[in-house]
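Enquirer: From first to last, the protein sequence lines stand for chains A and B. Residue 159 in our numbering sits at position 159 of the first sequence, with consecutive numbering throughout. Residue 313 in our numbering sits at position 98 of the second sequence, with consecutive numbering throughout.
Source of the hints: derived by calculation from the structure; they are not laboratory data. Wrong hints could be hidden among the right ones.
[As the list claims (entries may be wrong)] Part of the chain A face toward chain B, derived, beta carbon under 10 Å:
1) 85
2) 91
3) 99
[Said to hold, decoys possible] One-sided excerpt, in silico: chain A residues whose CB lies under 7 Å from chain B:
4) 40
5) 43
6) 58
7) 61
8) 65
9) 70
10) 80
11) 83
12) 90
13) 92
14) 93
15) 94
16) 98
17) 107
18) 110
19) 113
Only a predicted model underlies this, so the values are computations on that prediction, with no experimental measurement involved. Every residue, glycine too, gets a C-beta built ideally from N, C-alpha and C.
These are the residues of each chain, in order.
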Amino acid sequence: MASLPFHEAPMLEVIDLTCRRGGRQVFDHLSFSLGVGELLALVGRNGSGKTTLLRALALLVRADAGVILWQGGDVRADPEVWRAQLAWLGHLDGLKGDLSVRENLLAGEALRGARSGEDRLDAALAAFDLAQLATRPVRTLSAGQRRRSALARVVMAQAPIWLLDEPLNALDSAAQQAFRSAVDRHLQAGGIAIAATHADLGLPSARRLELGAPL
Amino acid sequence: MGLVARDLRLVWRRPGDVTVVLAFFVVATVLFPLGIGPETNILARIAAGVLWCAALFASLLSLDRLFAADFEDGTLDLLLLAPWPLELATLAKCAAHWIVTGLPLALLAPLLGLGFGLETSSLLGLAVTLLVGTPTLSLIGGLAAALTLGARRSGALLALLALPLCVPTLIFGAGAVESLASGEGFSTHIAILGALALVSIATTPWAMAAALRQAGE
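From just these sequences and the hints, can you work out the full model?
Expert: Here it is as structure tokens:
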């Protein structure tokens with residue numbers, strides 16, 4: 001199975017991760033490690049297990065074997081500490097249609113246990129050109145605008161690890177550019193990002209992990 | 216807590232959902248006098264049971280959306296990924312549900328009881344038993360909602376799971392009002408209702424959290 005060369009002083013290390021779902025091997029003995037400022041693009045066909053791998057990393061799906069190490073410690077030893085390191089963008093946007101963009105972002109922060117995020121809110125909104133839309137209820141927004149709002153929530157969390165499932169979905173070229181700059185800033189600040197994608201992220205620094213396509 | 220505030224704000228944006236529940240409660244209770252006929256002594260005798268049953272059905276009516284809405288828009292994942300115990304989150308969701316259904320039902324019930332010809336002391340007793348008893352209904356219903364998450368016909372399944380578990384609360388809730396009317400006082404009943412609520416608070420969040428994690432897989 002695919003495995004990447006060992007990187008010096010890895011922050012995140014995945015060893016022999018194996019996952020079966022419904023009697024089917026989704027991925028088998030998957031190993032990789034990521035250091036400070038690295039981006040991993042999970043590529044593969046539909047159904048190749050990209051989303052399952054992301055969910056397994058977030059401990060939303062139980063892996064059948066293998067360990068995930070964060071700064072040398074097993075993340076399952078203290079899931080709550082591990083979850084505090086993550087910013088999550090699922091294939092669903094995770095936004096409430098009846099709340100405004102602003103309220104959604106603040107609710108997301110409240111869920112993460114952050115006290116106040118007004119200053120970070122403005123920066124996150126600006127990063128995805130959402131200042132004009134901030135008070136609009138999310139249900140009135142287009143799919144691309146919702147995706148941008150969800151990405152703004154990821155930026156706002158200021159978490160060291162970003163887990164992104166098809167981040168470019170529904171984004172126009174300007175928004176894709178905004179996404180790339182946001183990822184660049186995150187990596188330069190020493191963050192890690194793992195993105196499942198079937199399209200090219202357009203980020204040359206990305207390492208690629210190809211997931212095999214089971215039947 | 217942030218989650219309670221968010222859920223209450225969501226309800227505030229869509230007051231229709233709560234209005235429907237309260238309207239159902241009123242309509243369901245009003246049907247009984249129409250079906251049974253205007254004999255005050257019979258009506259006064261069955262009032263507590265009718266109001267309690269109607270409150271139970273009404274609170275179940277809104278429960279199937281408790282976690283399903285979060286499941287469908289992806290916010291359930293954010294809840295699962297929050298860096299604090301999921302058990303607390305489920306408790307917060309049930310608390311928000313109780314504030315918008317159990318609480319108004321308990322306040323509305325004495326008004327309807329008036330129409331059944333209940334005495335003042337029974338009216339107060341009814342409100343008190345509902346105040347103590349409805350949190351249990353929200354929690355048990357929340358557990359059923361978490362267990363049926365993602366299932367087809369989850370609404371009917373939810374009612375089937377939750378109703379038998381709500382029987383003790385129903386018996387002691389309606390029984391309290393009756394024993395009050397017969398002059399025996401209702402402190403024992405209230406104590407048992409309180410105990411049921413505490414047991415639910417102490418046990419259902421763990422079961423709900425486990426069911427939600429399962430649904431997230």
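Enquirer: Where does the structure disagree with the numbered hints, that is, which hint numbers, in rising order?
Expert: 4, 5, 8 and 9
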